[in-house]
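Protein chains in written order, with UniProt numbering: chain A, 1 to 392; chain B, 1 to 378.
Note that these hints are calculated values from the structure, not bench results.
Worth double-checking, as some hints may not be accurate.
Cross-link-like lysine to aspartate or glutamate pairs, in silico, DMTMM-like; alpha carbons within 25 Å at most [to be verified]:
#1 272(A) x 225(B)
#2 231(A) x 214(A)
#3 138(B) x 135(A)
#4 31(B) x 347(A)
#5 382(A) x 225(B)
#6 258(B) x 230(A)
#7 237(A) x 133(B)
#8 138(B) x 267(B)
#9 282(A) x 267(B)
#10 264(B) x 347(A)
#11 321(A) x 133(B)
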Amino acid sequence: MDTSFAPEDMAFRDEVRAFFADAYDDELRARLQHPTEYREAIIDWQRRLYDKGWIAPGWPKEYGGAEWTPTQNFIYETERAAAGVRDVIPFGLKMVGPVIYTFGNDEQKARFLPRILRSEDWWCQGYSEPGAGSDLAALKTRADLDGDAYVVNGAKIWTTYAQHSDWIFCLVRTSNEGKKQQGISFLLIDMASEGVKVNPITTIDNHHSLNEVEFNNVRVPVANLIGEQDKGWTYAKALLAHERTSIAGVADSRRALAELRRFAEQEVNAGKRKIDDPLFQKRLSDIEIELMALEYTDLRVLASVAAGGAPGAESSLLKIKGTEIQQAIQGLRMDLAGYYQGVLPTDLDPQALGHEFGSSARQAYMYGRAATIYGGSNEVQKNIIAKAVLGL
Amino acid sequence: MNFDFSEEQVMLRDSVARFIQDDYSFDARRKIAASDTGMSAEHWQTFAELGWLSVPFAEEHGGFGGGPVDVMVMMEEFGKGMVLEPYFATVILFGGLLQRAGSTEQQATYIPRIVEGNCLGAFAFTERQSRYELADVKTTATPDGDGFVLNGEKVVVYNGANADTLIVAARTGGEQCDEDGISLFILDAGAAGIDRMSYALMDGQRAANLVFKDVRLPADALLGEKDKAYPVMSWVVLEACVALAAEGLGIMGQLNTKTLEYTKQREQFGVPIGSFQALQHRMVDTFMSYEQTKSLLYRAVCTLEKEDEDPARDIHALKVMLDRAGRHVHSEAIQLHGGMGLTDEMDIAHYAKRLMMINATFGDGDHHQAQFNALSFA
Ligand SMILES: Cc1cc2nc3c(=O)[nH]c(=O)nc-3n(C[C@H](O)[C@H](O)[C@H](O)COP(=O)(O)OP(=O)(O)OC[C@H]3O[C@@H](n4cnc5c(N)ncnc54)[C@H](O)[C@@H]3O)c2cc1C
């Protein structure tokens, strides 16, 4: 048992710090906040990571990844969050990329992977449907073989960033025989195809990130099928476990807690700083203690994966605890904002408004409700643990 | 001993409920929220015609002479409809202060105007540094001839954007957080020297920051005794917390009812999700949160009705419960709706936002727990 860093790890940490300080500059930070510029700014940032060779730490080297050790990953994530650097958009780099290099054919790898690495294609995930959320295998969007193409009909919902996307990876029904998991295929669809329509959904934080995506007789070349027809469920399941490990968000929660401390030093009630209020201290330390534990749970899982284990039901634990902690922090941040927690974006600058973080607290709290729902809801994760770990 | 409503109270409740049923659908409300003022002047007139604006006021000023129970039954219904019109700001707060502190002339001037629907009021008390501390007042009113000059700033003033008349808490003596030395002033919101910056809050209401620069006030702008406003403000705030709790209870009830309906109808894995025992127990818990909040609300209202008992401890307890139970209920409502709960199009999240705003008004659960503790362990 040893979690101390080797000298080469320390050197890596210094390199990461120096890189963020240099490449994630103020100009970029400002553009990332801008409602119309953030898409291009994200792409710029991801290209800088690409140039550095750090865009895909988890990918195998033969596909352009960095193949970091768990320690390097841990260091990178810690430094990234501490510097307030945003994570990459996951849909291409963390979701469909690994599916393509694991289950795709050579032609697909050559066609899609370099473009994902260079952020030339923006991807979105088309799994959920109005009738198929937790029960994903109930999905109905059909893909019928017609010559050298599938004809796709149906609708996906809750598709994050579909409005920005060039491509969507979908689970579609190719057969109604046998168990419902058996007739599902994994299909890559060009968003520019005729018959694809994107309808925006406004969320409770007044933003537009979600969409409904309709498919009306969309022709998709057979060459865009990943692996074998009717085997898509297996590929998707492998990916879901992957998605959940990165959902713990320990490093980001650590940063959010630090920020909370800073705000609590500014907020004063009857002349007393909130940071000195015993009730506040208890709430803050309750969260921090959970987070300290989760950090090590995360490391334990990472170490076992590095030793050859597959991320299994442990990733469900990370997801549940990670999102509970995120929401607890968001709730406390609302409380700290006091009367200002309800403020919507306004033309008034923080100086005229009299407050720095009320509106962002509201936004984070409201959108933050989603974390216990997406990526497999926390109830579904508990079902997984009950079955797979406890044998119930 | 009984917890029944009088015939009049049932009629009052039903009249608000009917209005919401007929004229205040979620879509209708959405349109009002998106309008420039975030409220409907037409509805406000209806409130006047139906007598709702008169409920807590004394009969001599055209009021209905209602008590805490009457206010409670109305506020609960307003909560269910997420009514945007500034009943709370104008009738409960502004009107409450007039009732408790106003001179006979001031009451005779303003209360009939409120009752007739011709006055939109706001109580300006929060300052950028004050958080939930009512006595933290830096805005000053200094003597000037027989009147005063007002300087300072108030922030997040509820109904501040639409109010035509303000009651402002200002310091006429003492130090920043002293209870002594605070006075109330009633003035025209359009008076020279007031700079008003309006913005929307997440529950749809329009608030404002108000900057006062050498605003001249005549002697009769003083509302109540000079330097002695703190006890009056505290009392009105306590009463207002009970009204807010009633509104919150109405919301919690709606969230529970709607979530229950949704889980009966939403199917996954071939069955309604309400058939999963894991979710059933969660809904039992939110049901109990609702019932416990209702009990503390009734407890506080009964104490208020008795008039000779100090209601402070009951009301702090209620506000603590409202925080814990409100969060519990709204989080579960969103969670059990899945992705649907995250949409702006559904009412669920809007109820959640209003509950959060209610929670923040006059102090969240932690704030009231500290006050409860101070009374309990003194
Ligand atoms: C912000 C956001 C972004 C999203 N982004 C994407 C995306 O990019 N691509 C995509 O494909 N999808 C996306 N989703 C969809 C997400 O994966 C689904 O919302 C999720 O799977 C839940 O499905 P549902 O919304 O249909 O809820 P339902 O499945 O209807 O669930 C409703 C409630 O019932 C509970 N429940 C369901 N089954 C059980 C059970 N067996 N036992 C106990 N409780 C149960 C759930 O936990 C939940 O609380 C996103 C969702 C959100 C909110």
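Hints, verified against the model:
1. 272(A) x 225(B): 29 Å, violated
2. 231(A) x 214(A): At roughly 23 Å apart (the allowed maximum being 25 Å), residue 214(A) and residue 231(A) satisfy the hint.
3. 138(B) x 135(A): It is violated: about 57 Å lies between the C-alpha atoms, which goes past 25 Å.
4. 31(B) x 347(A): 22 Å, holds
5. 382(A) x 225(B): Violated, at about 61 Å.
6. 258(B) x 230(A): 38 Å, violated
7. 237(A) x 133(B): Roughly 53 Å between the alpha carbons, so the hint for residue 237(A) and residue 133(B) is violated.
8. 138(B) x 267(B): The given pair, whose Cα atoms are some 57 Å apart, is violated under the 25 Å limit.
9. 282(A) x 267(B): Given that 25 Å is the threshold and the Cα spacing comes to 40 Å, the pair is violated.
10. 264(B) x 347(A): At roughly 44 Å apart (the allowed maximum being 25 Å), residue 347(A) and residue 264(B) break the hint.
11. 321(A) x 133(B): 35 Å, violated
Violated hints, in rising order: 1, 3, 5, 6, 7, 8, 9, 10, 11; the structure is consistent with all others.
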